[in-house]
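Protein chains: 2
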Amino acid sequence: MQAEKFMSKKNESALIVNEGVKQPPTVNPYIQNFYKNKGSVLTPKEYLKGIFAGDRSMLGRAITLIESNKPEHRIIAKEIIKACQEKIQKSKIRTMRIGITGVPGAGKSTFIEAFGGLVTSGGHKLAVLAIDPSSEKTGGSILGDKTRMETLTKDPKAFIRPSPSAGSLGGVSRKTRESVILCEAAGYDVVFIETVGVGQSETAVHSMSDFFLLLMLSGAGDDLQGIKRGIMEMSDLIAITKADGSNIEKAMGAKAQYASALHLFPPADSGWTPTAVTSSAVTKEGLPEIWEIINNYFKLVQKNGYYDYKRRQQSKYWMYETINETLKSEFYDNPKLEKAIQKTERQVLAGQVDSFMAAEGLIELFQKER
Amino acid sequence: MQAEKFMSKKNESALIVNEGVKQPPTVNPYIQNFYKNKGSVLTPKEYLKGIFAGDRSMLGRAITLIESNKPEHRIIAKEIIKACQEKIQKSKIRTMRIGITGVPGAGKSTFIEAFGGLVTSGGHKLAVLAIDPSSEKTGGSILGDKTRMETLTKDPKAFIRPSPSAGSLGGVSRKTRESVILCEAAGYDVVFIETVGVGQSETAVHSMSDFFLLLMLSGAGDDLQGIKRGIMEMSDLIAITKADGSNIEKAMGAKAQYASALHLFPPADSGWTPTAVTSSAVTKEGLPEIWEIINNYFKLVQKNGYYDYKRRQQSKYWMYETINETLKSEFYDNPKLEKAIQKTERQVLAGQVDSFMAAEGLIELFQKER
Chain A
1415 MQAEKFMSKK NESALIVNEG VKQPPTVNPY IQNFYKNKGS VLTPKEYLKG
1465 IFAGDRSMLG RAITLIESNK PEHRIIAKEI IKACQEKIQK SKIRTMRIGI
1515 TGVPGAGKST FIEAFGGLVT SGGHKLAVLA IDPSSEKTGG SILGDKTRME
1565 TLTKDPKAFI RPSPSAGSLG GVSRKTRESV ILCEAAGYDV VFIETVGVGQ
1615 SETAVHSMSD FFLLLMLSGA GDDLQGIKRG IMEMSDLIAI TKADGSNIEK
1665 AMGAKAQYAS ALHLFPPADS GWTPTAVTSS AVTKEGLPEI WEIINNYFKL
1715 VQKNGYYDYK RRQQSKYWMY ETINETLKSE FYDNPKLEKA IQKTERQVLA
1765 GQVDSFMAAE GLIELFQKER
Chain B
1415 MQAEKFMSKK NESALIVNEG VKQPPTVNPY IQNFYKNKGS VLTPKEYLKG
1465 IFAGDRSMLG RAITLIESNK PEHRIIAKEI IKACQEKIQK SKIRTMRIGI
1515 TGVPGAGKST FIEAFGGLVT SGGHKLAVLA IDPSSEKTGG SILGDKTRME
1565 TLTKDPKAFI RPSPSAGSLG GVSRKTRESV ILCEAAGYDV VFIETVGVGQ
1615 SETAVHSMSD FFLLLMLSGA GDDLQGIKRG IMEMSDLIAI TKADGSNIEK
1665 AMGAKAQYAS ALHLFPPADS GWTPTAVTSS AVTKEGLPEI WEIINNYFKL
1715 VQKNGYYDYK RRQQSKYWMY ETINETLKSE FYDNPKLEKA IQKTERQVLA
1765 GQVDSFMAAE GLIELFQKER
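Chains A and B, in that order, are what the protein sequence lines are. Each residue of the first sequence is one higher than the last, beginning at 1415 in the numbering used here. Each residue of the second sequence is one higher than the last, beginning at 1415 in the numbering used here.
This list has only true hints and no planted wrong ones.
Given that identical chains are not distinguished, each listed pair holds provided it fits within a single copy or across any two copies.
Lysine to aspartate or glutamate pairs mimicking EDC-like chemistry, simulated, CA-CA at most 20 Å apart:
#, residue 1, residue 2
1, LYS1698, GLU1663
2, LYS1484, GLU1774
3, LYS1742, GLU1778
4, LYS1504, ASP1603
5, LYS1724, GLU1735
6, LYS1496, GLU1460
7, LYS1782, GLU1744
8, LYS1724, GLU1759
In short, the hints are calculated from the structure, not lab data.
Turn these sequences into a full structure, and let the hints guide you.
If you want it as structure tokens, here you go:
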């Protein structure tokens, strides 16, 4: 009967949670009923058992729950994340989160396929995740096109996850960051977080990575069109890709140019000096060097304390970022304000109203309509 | 009697405004009374008459009103801003807003003094404003130290305004941006907006300038400590200062290095190619070149439409920025949440709670306590 109620009134799920069904106190009665009626969704314990045992399919199913926007899935996802967070906290394993971005055409997938193989052959377990807030517009994520990572997909030490379906950057970032926690709890000690979209996603990836790798092509002119200003300055390493065949000389020239440009940037808080290298996914040249550089970075920041400091600051950042996004959504997603916001924006764009007075007017309306 | 009421119950000013005192409908009865009792505060009309006539002291007094946080001052300030906005809108004068920042020791004040003199000698009226959110901590703004701009202070074509007293970046930015509008309405067609503080203020200045000038020293190593990452990429021109005497050669070398580095950045939306020059406030060498480059920039962006586009986008940016700041302040300045926020932040920093779950918990509390 309780089950029937749920089936017919999905939107009242929040109320049902609070109904006092007699159950052992630690078990949420709503979830209990939910399991009974949804064969495909397991209990948090079942997911966790699979994740901790390194079961890739169970890890994938748990990430699917994280990616779901349904409140009933969110309840289970939260329990899983909490337990994974606790496991990581206890295990003291210092994982490597490597953010990877690059100009269009730099061959990100091919690079990740080749470089990932090097990482797993060294005994590491590698998870590859992506942030792609714009996949609907750009026509699908590169990682979704699994055929381009054939070898890595079959590698038993690798876990590749296509980017979550398109959504707001805030939502997609949350899902990716929570997926990282699950992967790490499943024993993946190296995580690649790739930006597939353009625009703000680089900053999102940077704010959840320990190390930021930028892939560039040898031509320094038009090729740069696809990369946002400011990305170069947040990079820990620039790798010029496709340094093979007749392209080697050009790539070496680009490497020297970028190395000299990086030298002009203000020093990074990490104490690390960013550098530039060349690499080829075809000849595999440069790949061991990149892995060595990354390992040197981790040795440095674990020794000087920056590794822990940055992780803590990132956690804090995401807490406040999530709060701020929620506060904004209360305002901007309020249907009563929609027309007024549009009208005021038009007035501001036409120079008829000053920005600050426009804002004051809308806030007054918001406080009245709330 | 009305006046007495105001004098004794300052905090009820909002209520008093709404009381129906018999007055011509266009005159706010509260303001009317306010004028009677505050000899030093004039009517908006009086301020505007002075501003439009180019009366520097009246402009200064109006900016003081803008800088005031008192609600009664804000009411008058709003009327002044609105009228100035309308005047600018009608006049169609295309002013030049030039953001200036630099590494500590680059000699910003000395540069502005020398370069400002060049601008006014060319027939322009120049206003110099500053953003300094941290002046309380850094021990006063450079512009406050007027003795360092002796010539420019006495220049009848220049208006120099020390930065508003310390406050949040949002507040200080609003005050500066509104002051720019008043200066432009007073006929100042060139406005320098200087960053005095460190950190986020460069971004604030950048978001209210047409052109962004970065002052650098010849040594590219330790001198960069004071400049934030990402600033170089938002610059339209890098000027190596103090290129005189025995320093000339070093400055020329730095210029070449920066010019080559700028070349590697992605192209700017403006269609402009940033460049690097050397300059000296002592010999005045390089200053006419900088002014020519700036004029070339304005010719380009006024022709290709980027000037208007950027101004409109900036107005929109500040509208949303102000809304977002207000929304945040409702949350973070709520005394009932203060302890919970601190406690949760500690838990997140200790890795005990996941960022996203911490945020959800605080938002729930906020919605209950509001």
